[in-house]
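Student: Chain A is already provided as a structure; the job is to place chain B on it using the hints.
Protein chains: 2
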Amino acid sequence: MCATFWFCQVRGGIIKIVSRKAEMQALATEMRLQGKTLSLVPTMGFLHEGHLSLMNRAKAASDVLITSIFVNPTQFGPNEDFGAYPRNLEQDVLSCQSAGVDILFTPEAADLYGSGYQTFISLESLPNHLCGLSRPGHFRGVATVVAKLFNITRPHIAIFGQKDYQQVLVIRRMVQDLDMDVEIIASPTIREPDGLAKSSRNTYLAPNERPAALSLSQSLLQSQRMIDAGVTDADTIVKAACVLIQSFDNTVIDYVSICHPESLEPLETIDGPALMALAVRVGKTRLIDNRILKPAFAG
Amino acid sequence: MCATFWFCQVRGGIIKIVSRKAEMQALATEMRLQGKTLSLVPTMGFLHEGHLSLMNRAKAASDVLITSIFVNPTQFGPNEDFGAYPRNLEQDVLSCQSAGVDILFTPEAADLYGSGYQTFISLESLPNHLCGLSRPGHFRGVATVVAKLFNITRPHIAIFGQKDYQQVLVIRRMVQDLDMDVEIIASPTIREPDGLAKSSRNTYLAPNERPAALSLSQSLLQSQRMIDAGVTDADTIVKAACVLIQSFDNTVIDYVSICHPESLEPLETIDGPALMALAVRVGKTRLIDNRILKPAFAG
Chain A
23 MCATFWFCQV RGGIIKIVSR KAEMQALATE MRLQGKTLSL VPTMGFLHEG
73 HLSLMNRAKA ASDVLITSIF VNPTQFGPNE DFGAYPRNLE QDVLSCQSAG
123 VDILFTPEAA DLYGSGYQTF ISLESLPNHL CGLSRPGHFR GVATVVAKLF
173 NITRPHIAIF GQKDYQQVLV IRRMVQDLDM DVEIIASPTI REPDGLAKSS
223 RNTYLAPNER PAALSLSQSL LQSQRMIDAG VTDADTIVKA ACVLIQSFDN
273 TVIDYVSICH PESLEPLETI DGPALMALAV RVGKTRLIDN RILKPAFAG
Chain B
23 MCATFWFCQV RGGIIKIVSR KAEMQALATE MRLQGKTLSL VPTMGFLHEG
73 HLSLMNRAKA ASDVLITSIF VNPTQFGPNE DFGAYPRNLE QDVLSCQSAG
123 VDILFTPEAA DLYGSGYQTF ISLESLPNHL CGLSRPGHFR GVATVVAKLF
173 NITRPHIAIF GQKDYQQVLV IRRMVQDLDM DVEIIASPTI REPDGLAKSS
223 RNTYLAPNER PAALSLSQSL LQSQRMIDAG VTDADTIVKA ACVLIQSFDN
273 TVIDYVSICH PESLEPLETI DGPALMALAV RVGKTRLIDN RILKPAFAG
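Protein chains in written order, with my numbering: chain A, 23 to 321; chain B, 23 to 321.
Treat the hints with care, since some could be wrong.
[Claimed, not checked] Simulated crosslink set (EDC-like; lysine to aspartate or glutamate; CA at most 16 Å straight-line):
id	chain 1	residue 1	chain 2	residue 2
1	A	306	A	231
2	A	58	B	52
3	B	58	A	52
4	B	261	B	290
5	B	185	B	214
6	B	306	B	271
No lab work stands behind these hints: they were computed from the structure.
Note that this is a predicted model, so its numbers are computed, not measured.
Chain A with its partners taken away, still in its complex shape:
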């Protein structure tokens, strides 16, 4: 498109689409000066009900709902699925419009990361766990692009999905450490009726891989049931989860971890709320899921 932003009228509503970061920033600055409360839902597009639930939450909490769609190259490793990541901007515009998004920010990588780009934001501890171990540089890419999106869209509130649990922790910590004036809200994971956590990557799954994909949410449920039945040893629960997952022959476990819900340090005994998080490859699709396990008789 030649205009840097345009209006798209669909189903009777109006959504403003901005692609240039300078115009997005000027617009956000102007709306802030007008005293408006801005919210941001950052996404990589290929929107599903999980994203829409974030938008609903943001819409209720702000005057202006901004959604960004950007498949960020710096958070993908060299052997990851950056090129294959599903994209469908036309459908996403319709989804945003029906969710009441006011401004859709769709930057291009060449505009977002200019010539000679060299600045990155890193965290020293939180990425040394879970997905950070198998995806080196991933959270550096996430923290950096989110900081940029915050500086460009200047939101008062930003909403992220709890499905990417470690990502939420990293962003909360960055915001706190760098004194960014943004309230971070985490919104619950949305699931398919069969329990599979909604993810844009679910589109990679072949129909015959679905039972294996369900082993993630099933192992989380099984773990809570074990705790309810009196098990407190984390290793016992993790091993049972691995057995369940590995009962499907097209699964490869990246990690299954029971850890502290703030520091992500591994736990030996479940005597308070604990995060259970796991990443499993089902065929060529890497899936993640998580659940806060609650000790038995926690009231």
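Tutor: This is chain B only, laid out in the frame that chain A set:
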């Protein structure tokens, strides 16, 4: 002091002193909403005429002049002078007041870097030159604290001294890369009548070290004179500067470099404006200075 900010009336003027970052941020946000233009002069205190020239420049360009005083531990190496760095808050308050500073932000390290702090901003190329080589981690500390100060004081304009040439480049690049909405202005180095660049660290110099300290500015002058006389080979000029500096027996050269004024990559031939930068220890005092060398007949 028990109040988190207080008013200090000196010489008939009023300056507001804020020590808590949350209150500084709330104040800045409120002033922005009122449509005021804010400027920031970040300093490590022990203010001299160099700082005052930055303040004068900031004052003329904004409605509200904020100055910060914070000796930032994360930009000092383990063997550097963090503990010894000169401090005199009482005198600094008087200096700020006479310079027309509206708000003096004096955070404490424990408030600025909270428990579990772990987020840092790094640049990949610019720190691999000049001071970055002998002070590993220095520019990571600088970039991080400046980003924090920007997020807390929310300036439209921030002014830095050209004496810290590489620091200005690092901050400009960070601002551009992370899309921070702050205009960075570099202000010329202020010198003593004998040519010594003003620096809080000059207070370390014993009277008998002064002639050696002057070798920095003298070698910069000598270099420009060599160019005016037709020399274009950078190595010839650097060697002559080293000879001049080493003619004083209490000097140790850290670096003398002629390099590209934007990338800091070393230059072999001076056929356009070039940065000459140097760092020299005089006794136990590390001094830096720089000058843009202009080719002969540049008009």
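Student: Determine for every hint whether it applies to the structure shown.
Tutor: Hints, one by one, checked against the model:
| no. | hint | result |
| --- | --- | --- |
| 1 | A:306 with A:231 | 10 Å, holds |
| 2 | A:58 with B:52 | 14 Å, holds |
| 3 | B:58 with A:52 | 14 Å, holds |
| 4 | B:261 with B:290 | 13 Å, holds |
| 5 | B:185 with B:214 | 13 Å, holds |
| 6 | B:306 with B:271 | 13 Å, holds |
No hint from the list above goes unmet by this structure.
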